[in-house]
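Protein chains in written order, with this note's numbering: chain A, 1 to 444; chain B, 1 to 444; chain C, 1 to 444.
Treat the hints as calculated values from the structure; they're not laboratory data. Even glycine gets a Cβ: it sits at the ideal position worked out from N, Cα and C. Check before you lean on any hint, since a few could be wrong.
[Unchecked claim] Sample of chain B residues facing chain C (criterion: CB under 7 Å; computed from the structure):
#, residue
1, G59
2, T60
3, L63
4, D64
5, W65
6, Y133
7, L235
8, Q299
9, G304
[Stated by the list, open to error] Straight-line Cα separation of at most 27 Å, DSS-like style, residue types lysine-lysine; simulated pairs:
#, chain 1, residue 1, chain 2, residue 2
10, B, K66, A, K66
11, C, K364, B, K66
12, C, K364, A, K364
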Amino acid sequence: MILTALRSRAGAAEAAGRARETMQAMYPLCRSITGNGVRRTLDLIERWVPLERHEVASGTPVLDWKVPLEWNIRDAWVADASGKRVIDFQAHNLHVLSYSVPVRRTMTLDELQPHLHSLPDRPDLIPYRTSYYREQWGFCLRHRDRERLGPGPYEVVVDSSLVPGHLSYAECIVPGRTDVEAIVYTHTCHPSLANDNLSGIMAATLLAHAMRQETPQLTWRFVFGPGTIGSLTWLARNEVRLDRIAGGLVLGLLGDQGPLTYKRTRRGGTATDRAAAHVLRPLGARIVDFEPYGYDERQFCSPGFDLPIGRLTRSPNGDYPEYHTSADDLSLIDAECYAQAIQAAAQVIALIDANRLPLNLAGKGEPQLGRRGLYGNIGGSAPGEFEHALLWVLSLADGEHDLVDIADRSGLAFGAVERAATALEQAHLVRSQTARNKTSGARP
Amino acid sequence: MILTALRSRAGAAEAAGRARETMQAMYPLCRSITGNGVRRTLDLIERWVPLERHEVASGTPVLDWKVPLEWNIRDAWVADASGKRVIDFQAHNLHVLSYSVPVRRTMTLDELQPHLHSLPDRPDLIPYRTSYYREQWGFCLRHRDRERLGPGPYEVVVDSSLVPGHLSYAECIVPGRTDVEAIVYTHTCHPSLANDNLSGIMAATLLAHAMRQETPQLTWRFVFGPGTIGSLTWLARNEVRLDRIAGGLVLGLLGDQGPLTYKRTRRGGTATDRAAAHVLRPLGARIVDFEPYGYDERQFCSPGFDLPIGRLTRSPNGDYPEYHTSADDLSLIDAECYAQAIQAAAQVIALIDANRLPLNLAGKGEPQLGRRGLYGNIGGSAPGEFEHALLWVLSLADGEHDLVDIADRSGLAFGAVERAATALEQAHLVRSQTARNKTSGARP
Amino acid sequence: MILTALRSRAGAAEAAGRARETMQAMYPLCRSITGNGVRRTLDLIERWVPLERHEVASGTPVLDWKVPLEWNIRDAWVADASGKRVIDFQAHNLHVLSYSVPVRRTMTLDELQPHLHSLPDRPDLIPYRTSYYREQWGFCLRHRDRERLGPGPYEVVVDSSLVPGHLSYAECIVPGRTDVEAIVYTHTCHPSLANDNLSGIMAATLLAHAMRQETPQLTWRFVFGPGTIGSLTWLARNEVRLDRIAGGLVLGLLGDQGPLTYKRTRRGGTATDRAAAHVLRPLGARIVDFEPYGYDERQFCSPGFDLPIGRLTRSPNGDYPEYHTSADDLSLIDAECYAQAIQAAAQVIALIDANRLPLNLAGKGEPQLGRRGLYGNIGGSAPGEFEHALLWVLSLADGEHDLVDIADRSGLAFGAVERAATALEQAHLVRSQTARNKTSGARP
């Protein structure tokens, strides 16, 4: 199986430690769904792995949507009569509503209020707010600061541009031994939020970096793109390859102290779901059913695509108090939790990659394993784990059960089942094929 | 959704109150499976709703059966030597075995005994007994009174007629916007028993009356007919329309203080079953699997028809001590329990009527809801129930899940899901069709 | 239903008592997978039932295997310098590794050690060890005795022959009223082990003996053959009849004090599994899923055959401490436990035999049972068990449910359901066919 180094806690922790510097460099960049913040983020990823970079022009139709205008921002502030900046983009790039259109006006506080966003119940945090698909502008600030604002007048400036340009995304492709593919997707938008989603970006980068040292069975694509419009764009441009996708993960929010959380694919029971459950159940992870609210799995699992792509996070969405606020900074990333998440992702990915559908070529009765050196020579006492795994693979290798099914059904570790399958393949007792998009078990 | 008034407890209670007078008028009528008692009962229903009335001649073949002779009774008694009536039909019409043939004889007590029916363990109650399909006669009486009978002789008179005539049943039809149909069936036989089944007759009447104020999606037929032979007759005469039936209920025994009880259709998992569970689970109702003993659901759910018609009662069959005795009188009808049952029936019927099978016309990726005014404009915080319902409908609108499925799967109220489906239909993102006879979930 | 006598505890106990003498005669025979010990065992079975005996030549290909050389042994010992036998086959035939090749040498203890097998943790027991498919020799002994052995030299003799000959197996065939078949298989190998498997051999013999007094519905084959190679040989020679097999049991290890244990067929949900569960659940038996390790069910349930043949034992494999040691002698057979096992096997077999797939010929509505004398004549009170069973059979007789399904679904005893089915068949309301190899319920 692949990703050996990251599949151990020590290896994952070591890799996460090495990634810290890159995350620090990414943190201050103002990433939105388009613009130079995204491009600079991709530059930093490219220090680790080669990327195929894509620039898709504003206005390009992608499924029911269009690629939006490109947004860039140089500066933004609200200054009082003395010229003092009471809200300052230079201090924190969450202060500006993402995708704010340019503005340069003098306004009273009353006129400004409809453009301000704060959190009365958490007055010390700056909220993160966006308006991608409707032209407006706004500022986000600590509620404590908002309450101190005098009546004005204020100089209000957003020095941004919202003009035809491009949406940027990138792929790191690791070719496999077959033409079956798998996807890891992580969202590159969100400025100055560490858990959401520098943790996902960096985890995907480390996984791609490790994967490139090996030859996986599947061709793996690590896709770095903005939320929603990025996955929609990738899907629109890759429809031809979708029926070759055997599995995959959306990664994000992997560094907080919440429990590991796997969200099933829409169909449930896909190879990805079963691989994830096999790895994550013993870790005490939460495994939740698909729901259509969430991250980019919404698009991969929309009913017209219905891909076998699940999602791995720690606390998803609003489940941790720092979510979408200035408190989601690098101090929120717990080294041990982050290493565990990377290790778990590596293990799930390794299972998806090693999974296959064995077919017993000698299914009438058991084959004589002893003659082939696969079974002990003195009878009368119980066989060991390897012998049991051989019998389980032979018994369930009927084209209906892949290796993860066999591991689940037998109670054996996937690794033992995979070694038995390999031995039986080498003895020409079993022929395996890559499992494509098989569903078993309970459906929604 | 339809039946708005009856879907509230207050509305249901108010309607049940108004129905009290009709139930008092119905109570003394000697209803059997044929005869003038049934016709007079239909007359009283017709004060509330127009009926299509049917008279089917004795001897008409209906499936494996024949319509029986028509039975009418004027008087019946057992009188002692002094001429005193010791058993008197005029005092209570349960005193006569239903369908007793005429008799006029003088007999000793010993000769009379085989024709007497009483309840030794409940000596103060008159039992209800019938002999529809074998010619005999008998009297039912309080066991206490039976023990007091002297050796006789007695004058024994049943002044009845059992001759070729007709079986009477009636339908109140409320046309819908589609040619898909639904059925509410209630049995009109049983003399002077209030819970079994004036409660069902009157509930069906109130539901039909309320339904006529509105335009349902489905065409609803409220059928008033005798038990077993009535539903068999209706089925025999309506075979051509059976494949248009999307759901329905058999109603009866709705006024006692036992728990609401829904009995699943034979197949289980039909739209009716799922609608009933959605409504009734939160009320703490009992939901029981189909069994072939019971009321007219036996016929609708016989394997050759296997219709999606469930049954709503409070205590079914022998589950309450007054069952099939003179104690099942109008005092047994608990106003609050009866109102709750009418409300529950209205809610189940409303769900069956509003249920439909949505198909996502833009299933590749999510459609851009914001552009259509269906989604909030400031991103970054969690969407509300309506937005969640939109996403759930879009996600499951794959032709495999109807609106009740979507409500169940999402944990949202059916009403929220139905409003979202309507909004998506109006935005041309979803096209729905009436769900016909779909089964999902567990089968027997 | 068949096997009436053995289906009662008293009848089973009486039969087991009569079998005791035969088991005592079988115990000292040195049974291996081939040879005269097996033939003499079959001779003893033939005192109870006629057998069709088969001799299959060494080298005959059977599926992936070949029939091995035939092994016979006259004597074997290890003697010290004084000529005293320190290990003596005459004392216990477990002392020789089964299938030991001939040897006649003088050896030191150090040279002998690799050929000795003992149990350090149970020093007073002789283990049972075999080497069927690799030519070697060895001795098994109490560990306590092994520790007392001096340095030698020793005279080491195995006076055996391993030469082309035959594999012996036999069948007792009881013809049924249909061409559908069922199998009882029990392994005849294992020398001087009482529970494993004189208990199985004798139980199968008693069942065959009782079955011959009656005319079952199915043709039953009681097959007596060695483990693994015996069932493989039978399967290879009977492939043409496999699609006629409706059910069956592998029997073995039925006399110890462990709980009755039924192991499901590979597919689960077969008629055999459902019949076994119906009989065994009320007895508190363990019912376990299929696993590919075990006895001859491994071959019958290999994926290329996948037959509906389950396994009934008490403690299987290594689950009792005396397993595969000299402590598995006749004193281990608990009379009460053995009788219970025989009774349970008889009941499962009777259900498999009586099971059938009824089809309701009058499925539109209920047929009028009263007219046919199948239903009480006074209505108004609840019907009895027979009437309920009639309704259940009619309701589920749709070609999807066999009689065991109907018993399970209704909660009625199989016997009541079977009587109702017979009455409905006689009334021409139902037509039944033998259920072949139907699977329902959960699969692995």
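Do the hints match the structure? See the list:
With a least beta-carbon distance of about 14 Å to chain C, the hint placing B:G59 at the interface is violated under the 7 Å criterion. Interface restraint check for B:T60: the shortest CB-CB distance to chain C comes to about 14 Å, outside 7 Å, so the restraint is violated. Because the closest C-beta pair between B:L63 and chain C is about 4 Å apart, less than 7 Å, the hint holds. For B:D64, the shortest C-beta to C-beta distance to chain C is roughly 4 Å, which falls under 7 Å, so the interface hint holds.
A cut of 7 Å between beta carbons decides the hint on B:W65: the least distance to chain C is about 5 Å, and the hint holds. For B:Y133, the interface hint holds, since its Cβ comes within 7 Å of a Cβ in chain C; the closest pair sits about 5 Å apart. A hinted interface residue such as B:L235 counts as satisfied when its beta carbon comes closer than 7 Å to some beta carbon of chain C; here the least separation is about 6 Å, so the hint holds. The interface hint given for B:Q299 is met, as the beta carbon of that residue sits about 5 Å from the closest beta carbon of chain C, less than 7 Å.
For B:G304, the interface hint holds, the least distance from its beta-carbon to any beta-carbon of chain C being 3 Å, beneath 7 Å. For the hint linking B:K66 to A:K66, the alpha-carbon distance of about 69 Å lies beyond 27 Å, and the restraint is violated. At roughly 14 Å between alpha-carbon atoms, C:K364 and B:K66 fall within 27 Å of each other, so this suggested pair holds. Restraint check for C:K364 and A:K364: the C-alpha separation of about 45 Å exceeds 27 Å, so the hint is violated.
Taken one by one, the earlier hints fail for this structure at numbers 1, 2, 10 and 12, listed in ascending order.
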